[in-house]
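Full structure from sequences and hints, please.
Chains as they are written, first to last, in the working numbering: chain A, 321 to 488; chain B, 42 to 474.
No lab work stands behind these hints, which were simulated from the structure alone. Where a beta carbon is used, it is the ideal one built from N, C-alpha and C, also for glycine. Watch out, some of these pointers could steer you wrong.
The following residues of chain A were derived to be distant from chain B, with all beta-carbon distances above 10 Å [as the list claims (entries may be wrong)]:
id, residue
1, 346
2, 384
3, 385
4, 412
5, 425
Some but not every residue of chain B turned toward chain A, in silico, with C-beta under 8 Å [said to hold, decoys possible]:
id, residue
6, 48
7, 56
8, 60
9, 93
10, 95
11, 97
12, 108
13, 111
14, 112
15, 120
16, 122
17, 291
18, 304
19, 307
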Amino acid sequence: MTAAPVVNEDRHASYTDAHIKGILRGVKTIAMVGASTNWNRPSYFAMKYLQDKGYRVFPVNPGAAGQTVLGEKIFASLRDIPEKIDMVDVFRAAEHVPPIAADAVAIGAKVLWMQLGVRNDTAAETAEKAGLTVIMNRCPKIEYGRLSGELGWHGFNSGVITSKRRKI
Amino acid sequence: MTRNSRYGFETLSIHAGAGPDPATGARSTPIYQTTAFVFDDADHAASLFNLQTFGYIYGRLTNPTTAVLEERIASLEGGRGATCTASGHSAQMLAFFPLLQPGDEFISSRRLYGGSITQFTRTFKKFGWSGLLVDTDEPDNVRRAINPKTKAIFCESLANPGGVISDIEVLAKIAHEHGLPLIVDNTMATPYLCRPIEWGADLVIHSTTKFLSGHGNAMGGAVVDSGTFDWGQGDKFPSLSKPEPAYHGLTFTETFGDLAYTIYGHAVGLRDLGPTMAPMNAYLTIMGCETLALRMQRHIENAQAVAEYLSRHPQVAWVSYAGLKGNKYHALAQKYLPKGAGSVFTIGIKGGYDAGVKVVESVDLFSHLANIGDTRSLIIHPASTTHRQLSVEQATAAGAGPDVLRLSIGLESIDDILRDLDQALGQAARLAA
Ligand SMILES: Cc1ncc(COP(=O)(O)O)c(C=O)c1O
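Here it is as structure tokens:
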């Protein structure tokens with residue numbers, strides 16, 4: 321993982337639950353860069369899960385452009401997607417993120433999300449300067465599961481304490 | 042990651058993992074007494090079996106009642122996740138299972154619960170795992186024992202049968218210098234008295250049979266993962282960092298990040314070894330956790346009083362309680378267990394083996410049995426019971442020589458506890474006279 325040096329105080333070390341919740345509630349369409357057609361790859365897991373939760377996921381992978389994965393056509397680049405994209409979810413190594421961030425800005429995405437293990441502060445700065453919200457080194461599937469209580473089904477510490485009944 | 046740190050220990054003991062039941066609104070956690078869970082459709086079933094979505098399949102892997110307890114214990118220890126098991130011993134097996142291949146080794150403190158010594162040095166051998174026991178009071182012993190086959194270091198925070206405290210911070214440092222995880226058995230201290238992860242431990246295990254359930258009525262164990270150890274380093278932990286054949290080549294660390302160890306514990310450990318905690322026992326242990334802070338306060342208050350009383354008693358040769366000034370481990374107790382040094386400890390009785398046997402047969406309030414961490418005060422003579430599988434040298438090294446009695450001080454009125462011990466010691470003295 322080749323992350324650029326962190327200059328200011330680290331705003332990306334942690335995110336509040338409310339911040340993450342706001343993002344996951346706000347977005348409807350997600351472009352997944354680095355989506356794989358291979359069912360046992362992490363991106364496939366995340367795509368399937370996010371589809372189940374009602375998101376429309378547009379896979380992006382130049383090596384597999386034109387094929388379909390989980391019922392969706394794979395695009396060669398973010399700029400080829402004909403629909404409006406709310407969030408770009410990056411399943412690529414950190415050094416590949418800057419051009420993806422530039423594309424995310426160009427297509428008018430509102431959120432740039434880098435997966436667990438991926439952090440690129442230069443790319444984050446590009447996106448943030450253009451007004452995008454940036455999340456790094458997190459998985460939207462895990463965050464969704466954590467905040468919805470599903471992660472607790474598997475013995476994880478969700479960090480959530482509540483006396484309110486959750487919706488099923 | 043957010044680790045509900047803004048809540049106090051007592052709040053977490055009662056609430057962590059347990060919102061009202063989503064289906065019914067039941068406020069106390071329901072006992073989901075079921076073996077299996079229906080699938081929505083074939084695709085949902087496939088996603089669950091492939092670990093692509095969260096959800097319940099079969100009770101050997103996960104159960105909603107047990108999951109509440111797992112989240113509760115993970116929260117109390119400040120960990121990422123937990124896997125509950127049928128007993129403390131199976132928690133130990135499950136803790137090592139993702140780490141060790143046949144031929145691998147781990148290093149353990151030699152001051153352990155006797156059953157753990159037997160498990161590590163005899164039974165684990167059948168899996169091709171070697172547990173090497175060393176005196177961890179001398180850290181260089183640990184450094185010297187590490188070799189390329191070593192995969193973990195193990196100790197008990199407060200060691201059974203009592204009085205001994207491991208220097209967790211030092212052991213964690215040695216472990217991390219060598220790219221190894223430190224596993225701490227925190228059964229005797231409980232997270233109320235000590236949270237090993239805060240001192241650098243990577244995994245914490247429990248026999249929840251003891252103080253966490255707390256009422257001597259439910260067997261159980263737990264493995265807590267801090268979520269901070271890098272299992273991907275080198276090729277040391279292939280079960281976690283290499284494609285898993287039992288899941289069509291899925292790689293746990295890559296797919297699940299810091300959830301990998303705990304998901305492996307359920308999806309492979311419990312699935313294939315099978316030591317699942319019963320939902321009823323999970324419920325009883327959840328109830329125990331809710332009063333953990335209150336109970337531990339009384340346990341340590343009573344234990345300190347008994348230790349002080351016995352240290353002045355003419356029939357008692359020595360008291361090994363780290364809460365006593367002058368005890369070898371008193372400084373470590375003040376560092377790691379500042380609230381109190383637990384409620385299980387050993388004493389040496391004048392008159393040796395026979396006097397020890399006489400005391401356990403003469404008590405009337407204390408129960409003579411092989412357990413600790415009950416509301417009731419308990420007593421045992423390890424040499425004739427828990428440690429009898431060991432050689433005299435091994436037993437003595439583990440703090441369980443012929444003159445040793447182990448006490449687990451309960452929550453009864455302190456005057457009644459002291460009176461019972463005094464009359465039993467008196468009978469042992471008359472035997473000797
Ligand atoms: C410190 C310690 N660890 C582990 C165990 C094993 O736990 P269980 O009896 O629940 O299998 C015990 C039980 O006495 C113990 O005292």
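Taking the numbered hints from earlier one at a time, note which ones the structure violates and give those numbers from smallest to largest.
No numbers; nothing is violated.
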